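Visitor: These are the residues of each chain, in order.
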Amino acid sequence: MPKITMNINGRETSAEVENRTLLSTALREKLHLTGTHIGCDTSQCGACVVHVNGKAVKSCTIFASELDGANIDTIEGQASPDGTLNVIQQAFQDHHGLQCGFCTPGMVMSAAALLKENPKPTEAEVRDYLEGNICRCTGYQGIVNAIMAASGQDVPSIAAE
Amino acid sequence: MYDFDLVIPTTVAEASTAMKADGAQALGGGQTLLPTMKQRLAAPETLVKLSGLSELVSVSTDAGALCVGGATTHGQVAQDGTDYPALAALAGNIGDPAVRNRGTIGGSIANNDPSACYPAGALGSGATIVTNTREIAADDFFVDLFETALEEGEIVTGVNFPIPDAANYQKFDQPASRFALVGVFVAKFGDTVRVAVTGASNGGVFRWSEAEAALSANFAADAIEGLAVDAGDLISDLHGTAEYRAHLISVLTRRAVQSC
Numbered sequence: 021m022p023k024i025t026m027n028i029n030g031r032e033t034s035a036e037v038e039n040r041t042l043l044s045t046a047l048r049e050k051l052h053l054t055g056t057h058i059g060c061d062t063s064q065c066g067a068c069v070v071h072v073n074g075k076a077v078k079s080c081t082i083f084a085s086e087l088d089g090a091n092i093d094t095i096e097g098q099a100s101p102d103g104t105l106n107v108i109q110q111a112f113q114d115h116h117g118l119q120c121g122f123c124t125p126g127m128v129m130s131a132a133a134l135l136k137e138n139p140k141p142t143e144a145e146v147r148d149y150l151e152g153n154i155c156r157c158t159g160y161q162g163i164v165n166a167i168m169a170a171s172g173q174d175v176p177s178i179a180a181e
Numbered sequence: 262m263y264d265f266d267l268v269i270p271t272t273v274a275e276a277s278t279a280m281k282a283d284g285a286q287a288l289g290g291g292q293t294l295l296p297t298m299k300q301r302l303a304a305p306e307t308l309v310k311l312s313g314l315s316e317l318v319s320v321s322t323d324a325g326a327l328c329v330g331g332a333t334t335h336g337q338v339a340q341d342g343t344d345y346p347a348l349a350a351l352a353g354n355i356g357d358p359a360v361r362n363r364g365t366i367g368g369s370i371a372n373n374d375p376s377a378c379y380p381a382g383a384l385g386s387g388a389t390i391v392t393n394t395r396e397i398a399a400d401d402f403f404v405d406l407f408e409t410a411l412e413e414g415e416i417v418t419g420v421n422f423p424i425p426d427a428a429n430y431q432k433f434d435q436p437a438s439r440f441a442l443v444g445v446f447v448a449k450f451g452d453t454v455r456v457a458v459t460g461a462s463n464g465g466v467f468r469w470s471e472a473e474a475a476l477s478a479n480f481a482a483d484a485i486e487g488l489a490v491d492a493g494d495l496i497s498d499l500h501g502t503a504e505y506r507a508h509l510i511s512v513l514t515r516r517a518v519q520s521c
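The listed protein sequences correspond, in order, to chains E and W.
Numbers given in the working numbering equal positions in the first sequence, counted from 1, plus 20.
Numbers given in the working numbering equal positions in the second sequence, counted from 1, plus 261.
Do not take every clue at face value.
Stated by the list, open to error - With a straight-line cut-off of 30 Å between C-alpha atoms, the simulated BS3-like cross-links for lysine-lysine are:
1) Lys299/W <-> Lys50/E
2) Lys136/E <-> Lys310/W
3) Lys140/E <-> Lys75/E
4) Lys299/W <-> Lys281/W
5) Lys50/E <-> Lys310/W
6) Lys310/W <-> Lys299/W
7) Lys281/W <-> Lys310/W
8) Lys75/E <-> Lys299/W
9) Lys75/E <-> Lys449/W
10) Lys23/E <-> Lys281/W
11) Lys23/E <-> Lys299/W
12) Lys75/E <-> Lys50/E
13) Lys23/E <-> Lys310/W
Derived by calculation from the structure, the hints in this document are not laboratory data.
Values in this document were obtained by computation on a predicted structure and should not be read as measured data.
Just chain E, with the same shape it has in the complex (with noise of 0.2 Å):
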């Protein structure tokens, strides 16, 4: 099996892999970064959602065996080592961004990804952003006004969809 590395979350990362394991399996079943969920398998549902090369993706959508040499970015990696959630864990936290947290490391890594190419997004922009990301606890408005939040703006005030 071929042997690929990658730097995870700062860290230089090495494992076997299969042509074609998925970059989900491998961080889930060879390296044990568990946080990053499979909900879906099929690319809709974006559980899976890491930062490859510092762009939002699809893990269950790329094979690892592709990634050698690549930076991967995961949920693991967005809390300071002593546990301190980031500015935009805490404030899903703060906000009630999330219920049984299944879809949440998906949501947290495409809401870095937003807040690094849009500092100050518009709610419009948030809920456009999103669309690849799907929460069955139906808990959206808390999520985007976590986003909100989390980007320093006005969480919005409007009635829960």
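Here the structure of chain E is known, so what remains is to put chain W in place on it, guided by the hints.
Guide: Below, chain W without anything else, positioned relative to chain E:
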């Protein structure tokens, strides 16, 4: 999915050689191919990775045309293709942000999904599809459902879009898949208007020549009053009947003209 051999070329020449092998399949961003392989609807023996080939990643404007390298992602076209705003907007509304960060124009064009956006943009613009061996006019490229004029082993290295005087793409989203339930691309070059329709036909993207003639004579939404595409040739599925799609084509064409 079944395992395969993976070739990671560093040049287009290497990729062309690798694509000559029996059972070789080009891998663009993989946003369609991987789900297809997971379902075992495709089981290529060899994948030749084209994404990341620096020769194939570019957006530039040359002699009135927007030239996009075959492995350029939708996200990059949305960001860098603003010399052709209607096309940049089309690219920026494909799938979702994560899909746009991986999916490539060459992959989309070569796949010719009947509901994809890029075929409408290419056909509507009268684009030229450039491969590793030749240039193909969009009018000759999109042959049928998931079928193009590409030969075995041929690679889309770029797409050159003539920039029209005015253009607009109207997409009626199929909300689950983010593909177009129907999409209409209208482009006006002087007195000539092209209208390309995606998402609607069992034969894939097509030009609505009746509307083109009417709009070339009078570029106004009212010019297509009373015109309709025959529902007999259109897709009917749980998302919409053929008649519904036929109606959408007229509505979206009007909106596209109004938005030009």
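Visitor: Would you mind marking each hint as holding or not holding in the structure?
Guide: Evaluation of the provided hints:
1. Lys299/W <-> Lys50/E: 20 Å, holds
2. Lys136/E <-> Lys310/W: At roughly 28 Å apart (the allowed maximum being 30 Å), Lys310/W and Lys136/E satisfy the hint.
3. Lys140/E <-> Lys75/E: Since the Cα atoms of Lys140/E and Lys75/E sit roughly 18 Å apart, the hinted pair holds (cutoff 30 Å).
4. Lys299/W <-> Lys281/W: With a Cα-Cα distance of about 24 Å, the restraint between Lys299/W and Lys281/W holds, given a limit of 30 Å.
5. Lys50/E <-> Lys310/W: Roughly 23 Å separates the two Cα atoms, so the pair holds.
6. Lys310/W <-> Lys299/W: 17 Å, holds
7. Lys281/W <-> Lys310/W: 14 Å, holds
8. Lys75/E <-> Lys299/W: At roughly 23 Å apart (the allowed maximum being 30 Å), Lys299/W and Lys75/E satisfy the hint.
9. Lys75/E <-> Lys449/W: 35 Å, violated
10. Lys23/E <-> Lys281/W: It holds: about 26 Å lies between the C-alpha atoms, which stays within 30 Å.
11. Lys23/E <-> Lys299/W: Satisfied, since the Cα-Cα distance of roughly 22 Å is no more than 30 Å.
12. Lys75/E <-> Lys50/E: 22 Å, holds
13. Lys23/E <-> Lys310/W: Given that 30 Å is the threshold and the Cα spacing comes to 17 Å, the pair holds.
Of the numbered hints stated above, the single one contradicted by the structure is hint 9.
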